[in-house]
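Colleague: So you can see what is in the structure, the chains are spelled out below.
Protein chains: 2
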Amino acid sequence: MEGTKTLVDTAVDQLIHMILEQKLQPGDKLPNEYELAKDLGIGRSTLREAIRRLVARNVLQVRQGSGTYVSEKHGVPEDPLGLTFLGKKNDPKLAVDLLNIRLMIEPEICADLAIHATASQLDQMRYYCNEVATKIQAGEDYSQADAHMHGYFAECSGNRVLKNLLPIITSSVHQSIFSTNDEHRQQSNLQHFRILESIVRRDAQSARYHMITHLNTSRESILPLLKQGKKSK
Amino acid sequence: MEGTKTLVDTAVDQLIHMILEQKLQPGDKLPNEYELAKDLGIGRSTLREAIRRLVARNVLQVRQGSGTYVSEKHGVPEDPLGLTFLGKKNDPKLAVDLLNIRLMIEPEICADLAIHATASQLDQMRYYCNEVATKIQAGEDYSQADAHMHGYFAECSGNRVLKNLLPIITSSVHQSIFSTNDEHRQQSNLQHFRILESIVRRDAQSARYHMITHLNTSRESILPLLKQGKKSK
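If you're matching them up, the sequences are chains A and B in order. Residues in the first sequence are numbered consecutively from 3, following our numbering. Residues in the second sequence are numbered consecutively from 3, following our numbering.
Since the hints were made in silico from the structure, they are not lab data. Heads up, some of the hints might be wrong.
Treat identical chains as interchangeable: a pair holds within one or across any two.
[What the hints assert, rightly or not] Computed cross-link-like contacts, BS3-like style, restricted to lysine-lysine with a CA-CA straight-line distance of at most 30 Å: (1) K31 to K95; (2) K95 to K75; (3) K229 to K95; (4) K90 to K31; (5) K95 to K137; (6) K40 to K7; (7) K90 to K40; (8) K90 to K25; (9) K75 to K40; (10) K7 to K137; (11) K165 to K229; (12) K229 to K25; (13) K90 to K165; (14) K7 to K75; (15) K25 to K40; (16) K165 to K25; (17) K165 to K95.
Isolated chain A (complex conformation):
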C-alpha cells in the first residue's frame, strides 16, 4: 500500500481536482455514481472506495438514499492532530500542551483584531460574549458557547488556516478538567468582556494581555493536577 499510486489514490486526486476546478461548495451535490465513474473514466468499485476515503477525510459526505455531497466540514478530518493517541480526554498534561499552544496563538489574534476587526465583527463578538455570560449566570455548561466565541475570533483574523486550526485545539480540552467552581466561572466571564472591550477601543496591547491572563488562569487551574499525576506515578 506504499510507494506507487493505486487506482484509488488516483481517483481520490481526480475527485479533489474536480471539486477545486468546478469550485464546488459545502453542501453541493456530486453527480451520481454512474455519471461520475464515466466522467472520470474509472470503475465504479474504484470510485466507491475513493469516495469512502474522502468521507473519512470529511471532504465528502454520503447521505443515505440521497447522494454524495461536499462536506460542510471543509476537509478537516476527525481528530486531525492525532490527539487520541497522545492522552485521555482529561489528561492534564495534554490539556497544558494545548493551552500552551493557545497561549502562543490567541493573544496575537486579539492584538490583530483590535486593529482590523470591522464594526459588524465587533457586534458578533459581543453577541458571543453575551451568550457565554448567559450560560455562566444560569449555571449551565458554557463550553460550547465558549468554543464558538474563541473560534469566531480566529475566523475574524482572516487567516484561513487558523480558522480551521483553532477549533481543533480549543475543543480538544475536556471542560471537566477545569476547576468548575463559581469563582472561576465568574472570573472567566469578566475576562471575556475585558478582552472584548480592549478590542472595541482598538487597544491591541491590552487585548493581547487580557487574553494571556484569561488563558493563563485556565492553565494555572490545571497545573496542580499535573503535579498530583506525577506524585502518584
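Based on these hints, arrange chain B on the given structure of chain A.
Modeller: Frame of chain A, contents of chain B only:
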C-alpha cells in the same frame, strides 16, 4: 450517516480502545482478521470497513500479504487541516497564513529550548543544521532537511501536540514559492546557525528574535507575490 452510531463507528471506537489499552506502538501488528472479529464480537465486513476508516486516519496501516499494523504516522491523517481546499500549493496568501502561524509558534519554541534543551538535543540540532548547510552549499533542494530541523525543534519542546502540529504547517508551504536565489539561501543558512548558537548559549531572547528574523525573511520574500496576485485580479 449522521446522528446515531453505526456498527462501523462502534468498531472504530473498539479498535482505538484496544490500541490504547494494550499500549500498542507504531509498527506493532494487530491479530489477524478472524481473531480480531472474534475478540471484538463483530462481523468481518464491519471489521474490514472499520480498518479502512482507521487507515484513512493513519491510525492503522495495511501491508499487503502481511497484515494490519499500527501506523508510524501516529494517527495524523493526510492533510489534517484541510489545506487542499484553502488554496493551491503555491498560493502566496496560503503561504503567508502559514508563516503567520509559524511566527506565533516557533519563536516561543526557540526561547523555551534555550532554557530546557539537553546536551544531546543540542548535538542533534547541530547535526540537522549542518545537514541543511551541506544541501545549501551544494546548491541542492534543502526543503526536506529544513523541515526535519524545524520539526526537531518542535519535538524537543516536549509539547506532544506541537510535535504533531508543526510538521503539518512547515511542510505545507511549497518551497518553490520562496525566492530561491543564492543570496536568500545563504541568508537562511546563516540565520539557522544564529538560532542554534543562541540556544546553545542559553539566550532565550536572542533565540526568539533570530527565529522571528528567519521566518520574517521568508514572509517578506512572499509579500510581493501577494500584491501581484491582487493586481492581476
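Colleague: None of the hints should be skipped; say for each whether it holds.
Modeller: Do the hints match the structure? See the list:
With identical chains, the CA atoms of K31 and K95 are at most 30 Å apart between copies only, with a shortest distance of 28 Å across copies and 42 Å within one. In this assembly of identical chains, the alpha carbons of K95 and K75 lie at most 30 Å apart whether taken from the same copy (28 Å) or from different copies (21 Å). With identical chains, the CA atoms of K229 and K95 are at most 30 Å apart within one copy only, with a shortest distance of 10 Å there and 43 Å across copies. In the homo-oligomer, the alpha carbons of K90 and K31 lie at most 30 Å apart only across protomers (23 Å), although the nearest pairing inside one protomer, at 37 Å, exceeds that limit.
In this assembly of identical chains, the alpha carbons of K95 and K137 lie at most 30 Å apart only when taken from the same copy (28 Å versus 38 Å across copies). For the identical chains of this complex, K40 and K7 are intra-copy neighbours only, at 21 Å inside a copy versus 33 Å across copies, given an alpha-carbon limit of 30 Å. For a Cα distance limit of 30 Å, the shortest separation of K90 from K40 across copies, 26 Å, qualifies, whereas the shortest one inside one copy, 46 Å, does not. For the identical chains of this complex, K90 and K25 are inter-copy neighbours only, at 13 Å across copies versus 39 Å inside a copy, given an alpha-carbon limit of 30 Å.
Within a single copy, K75 and K40 get their C-alpha atoms as close as 27 Å, which meets the 30 Å cut-off; across copies the closest is 35 Å, which misses it. In this assembly of identical chains, K7 and K137 lie within 30 Å of each other by CA distance solely across copies; the values are 28 Å between and 51 Å within a copy. Proximity of K165 to K229 under the C-alpha cut-off of 30 Å is restricted to the inter-copy arrangement: shortest distance 23 Å between copies versus 33 Å within a copy. For the identical chains of this complex, K229 and K25 are inter-copy neighbours only, at 23 Å across copies versus 51 Å inside a copy, given an alpha-carbon limit of 30 Å.
In the homo-oligomer, the alpha carbons of K90 and K165 lie at most 30 Å apart both inside one protomer (25 Å) and across protomers (17 Å), since each shortest distance falls under that limit. When the C-alpha separation of K7 and K75 is checked against a cutoff of 30 Å, the pair qualifies both within a copy, at 26 Å, and between copies, at 18 Å. In this homomeric assembly, K25 and K40 come within 30 Å of each other (Cα to Cα) only inside a single copy, at 20 Å, whereas the closest approach across copies is 45 Å. Proximity of K165 to K25 under the C-alpha cut-off of 30 Å is restricted to the intra-copy arrangement: shortest distance 20 Å within a copy versus 33 Å between copies.
When the C-alpha separation of K165 and K95 is checked against a cutoff of 30 Å, the pair qualifies both within a copy, at 25 Å, and between copies, at 14 Å.
No hint from the list above goes unmet by this structure.
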